[in-house]
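**Student:** Sequence:
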Amino acid sequence: MTHNRTYLFGVFLFICISVFPQQSAIQTSELADYNRALELYNNQQYLAAQTLFDEVRDEVEDERIEANCAYYIANAAIRLNQPGADKLMEDFVQRYPTSTKTNAAFLDVADYYFESGKYSLARKWYDTVDQRNLSRSETERFNFNNGYAYFRANDPDNAKLYLNKVKDSKKYGSQAKYYLGFMAYEGDDYQQANALFEEVKEDERYQENLTYFQSDMNFKQGNFEKAIELGLEQLPNATRRDQSELNKIIGESYFNLGEYEKAIPYLKEYKGARGKWNNTDYYQLGYAYFQQGDYEAAISEFNKIIDGTNAVAQNAYYHLAQSYLKTDKKQQALNAFKNASEMDFDKDIQADASLNYAKLSYEIGNSYASVPQVLMNYLEKYPDSPAKEEINELLINSFITSKNYEEAMRLLKGNRNFQNNVVYQQVAFYRGLELYNEGNYTEAEEYFDLALSERRDPRLTALATFWKAETDFNLRRFQDALIGYREFTGMSGAKDAAERENIDYNIAYAYFKQRDYNRAVEYFKRYAGNTAHEKSRRNDAFVRLGDSYFVNSSYWPAMEAYNSAIALNGTQNDYAAFQKAISYGFVDRNDTKLQELNEFLNRYPRSSYRDDASYELGNTYIAMNRTSEGIEAYNRLIRDVPGSAYVPKAILRQGLIYYNSDQGNKALERLKKVVAEHPNSPEAAQAVKTARLVYIDLGRTDEYAAWVRNLDFVEVTDADLDNTTFESAEKQYRENNTAQATASLEKYISSFPKGLHSVQANFYLGQLYYREGNKQKSIPHYKFVVDKGTGENSETALSRLGEVYLENRNYSEAIPVLKRLESEATYPQNVIFAQSNLMKSYLQENNYNEAVRYAEKVLANPEAETAAKNDAQVIIARAAIKTGNEARAKQAYAEVQRSATGELAAEALYYDAYFKNKEGKYQASNDAVQKLAKDYSGYKLYGAKGLVLMGKNFYQLGDAYQATYILDNVINNFPDYPEVVKEARQELAKIKAEEAKTNASVETNN
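The sequence shown finishes on residue 1006 if you use UniProt numbering, and the numbering steps up by one all the way, no holes.
Hints in this document: simulated from the structure, not taken from any laboratory. Don't take every hint at face value.
Stated by the list, open to error - Pairwise CB distance ranges, derived in the manner of DEER restraints: (1) Lys495 / Glu443: 41 to 51 Å; (2) Lys495 / Asn810: 47 to 57 Å; (3) His533 / Ser750: 46 to 56 Å; (4) Gly490 / Thr401: 23 to 33 Å.
Computed from a predicted model, the values in this text were never measured in an experiment. Heads up, the beta-carbon is just placed ideally off N, CA and C, and yes, glycines get one too.
Based on the sequences and whatever the hints tell you, model everything.
**Tutor:** Structure, rendered in structure tokens:
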């Protein structure tokens, strides 16, 4: 059109030249250049034409020719895509507003941009066209091009406005109807789309697309058979993109018709939008496999559905759970049922998923919430469920099998609808037993009382009675314990109880602790005489039988009992041998006593009683006037057991012996040694008094006065008042008058801070504060005792002081106290206490080498109990983890797993799962986490850590759904463990970033 219009203009110009021949040569030359420029323009030589038009414009004086040159210069600039071309055209319009080419210029530029595919620029210029001056053909072109430009700009309203004007055009009608039909299709107006498509179906240009559109429209209108027919017809000839879409239409149509086997191959061929499937795509293929009974294939599709929050996702998760059940993957099924139960799009699915979730929780355990809580939540939400009776039965059993008695009691106390008092009694009893085993006797007793308040089950009533008596015993309420033991023996429920086996032993101890030794003898004798009883306990019973006889001065029966204990070769052989030796002294068999004591020292060189034996050996030699041997026995004690409380006594005895044998200087040497090395001890006070007499005998009183003035632990002038004040306070202490004793001892310490009895007074006061639970106030008094060196109370003070520091988590203070206790303790249990807590303290202080060293000491100690050895293995394992020695940690945790219970067992089981994950044994790791959830659900930290492991395992096993769902639950359910949540977030972000590469439904902005 542009070329023809330009040609006509040239003809017109030629006519004008012919009519006006009287022109100058210059004008004739300019017109020739103009015509040559016009010819170049018509031949599309725009740059050359532009240059020539520019020259003509500068030379010509005819405004019409000048205007035409400006028009062609601007037009050429547009076609050459020169910068500022549109500005040239705007300048043309402004400068030559009366030019006949103005409207043609707008239309030409718009058409040019349209043909170049620059539709937004085309619409800009079309907007400037005056439609009133257009011919009919120009108007049709104007409307179609404008409509199509709006169509390409995704502006259907304006597109329809222009295209509707040419839908009946012979030239543009088919194209307009096609695009109008397409917009009706996109707007889901399938009736209008079908009508328009029918009108252009014979046009070969659109046949391929029309078949696809019609197939899709039939699908969307529910005409699935027709959609399949049209889709199959078009599929062989379709483009690759349309083939993907057609496969989706065909597959989904078969899916909706319930023909799942036919649907599968077509659904699989779908490539997804922009190369990615979404959750619905995975659901359809997964459900098709599910309906075919191919559960593994169903799982592989369903478990790609991540972040689903609609009805499709709920349905998918429900059928995913069913698929897991069909393949015996119960942990995975539990997670999927939980997910489906948390959505309410389909109430029936939600209810059935909730029931399955509750039942599976009971069967395999639950890391997210306690099993009783899950079951009670179900009953609360579905009180009229047909499964109510079944769930109630599971609930009753779950309280016991979950072993999470603390939470079980909380649930039972807070649930008024739960009326099973037998279960209440049972849970209360087991919670009490749990607290008892943790050493929390006061709280344990409360639960035993709760169990006894119901008395529904005779067996539970008997057991609660027994363990309440045990609690009373540990709380030093021996009379109450005795009543409980005796009541237990008469109960019908105690008949087959394992606790009955040792009841005589327990009763004997209750009498023993109350100093009723005659009754203690009766029960210890009866228990020890039964060879069916456990060897170690019989050994202890013989020892205590001997002690009971000994206290009652029945020494021959005592020795017989000690001999029986020795014959059993138990852990108390050294004590029994020592007591036996002592007993010979009380029946005037001192020679035998000496023989037994010497034999004891040779046989038991490392016994905690070796200092007792050495001291008693010395005393016996002295009593038999075998002085030199006595002194040598004392020397042996001082040399071999320098930390013993008997050392100051032995040195004092040596000083007294020398004094009584008129060896004054030797006596002073010994007495001064006591004062120098054991100040503030009772022996030091006695040594000062004896030294005074020695100095008087030697006539060296001035020397005595000078010596005694330098002693800071005794105020000689206040000795009588000191003794009187202390004796008064001590009397109150021994009679258990706590308040009076505390006040009196505080007064004594205030009045005599360096008094004769300051060590003993501080010890008593520390004990009182400790017993009353005011442990913080006990610290300075125990510290006073231990700072004064070794004495008869220093071991107890060290033990108590270490215990208080440990309770306060003051490990830096606890460590030196525990190290000293380890080196000075005479009781094996104190050595074990020191070593086991040193390993824990060093671990807390990040001193891993020392922690391991002490853990190995505990493991090597034959007196250490299983619990202490488990702790030691855990310390070794934790230290190894911290130092990156995972091989050692794995070995140590494996040892712990053999015998540990409670939290240690949970920790060991977690690391069992951890190491299996590291080794790539992902399913075995999951099995360990599942056992952790079922058997140790009360230990939430390890439950949470185990779930993070499980999430990692499932992703490695190709189950992205399980991985993301589990990690999401960790993030939402365990806010008390921020480090675990942080790890879960990091792992979830990595997984989602990877899955988002293939699943368009996955959001990665965590």
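**Student:** Does each hint fit the structure? Answer for all of them.
**Tutor:** Going down the list of hints, with the structure as the test:
1. A beta carbon spacing of about 29 Å between Lys495 and Glu443 contradicts the range 41 to 51 Å that was offered as a hint.
2. At roughly 50 Å, the beta carbons of Lys495 and Asn810 sit within the given window of 47 to 57 Å.
3. In this structure the supplied range 46 to 56 Å holds for His533 paired with Ser750, their Cβ-Cβ distance being about 53 Å.
4. Distance hint for Gly490 and Thr401: a CB-CB separation of about 32 Å, consistent with the stated range 23 to 33 Å.
Checked against the numbered hints given earlier, the structure breaks only hint 1 and satisfies all the rest.
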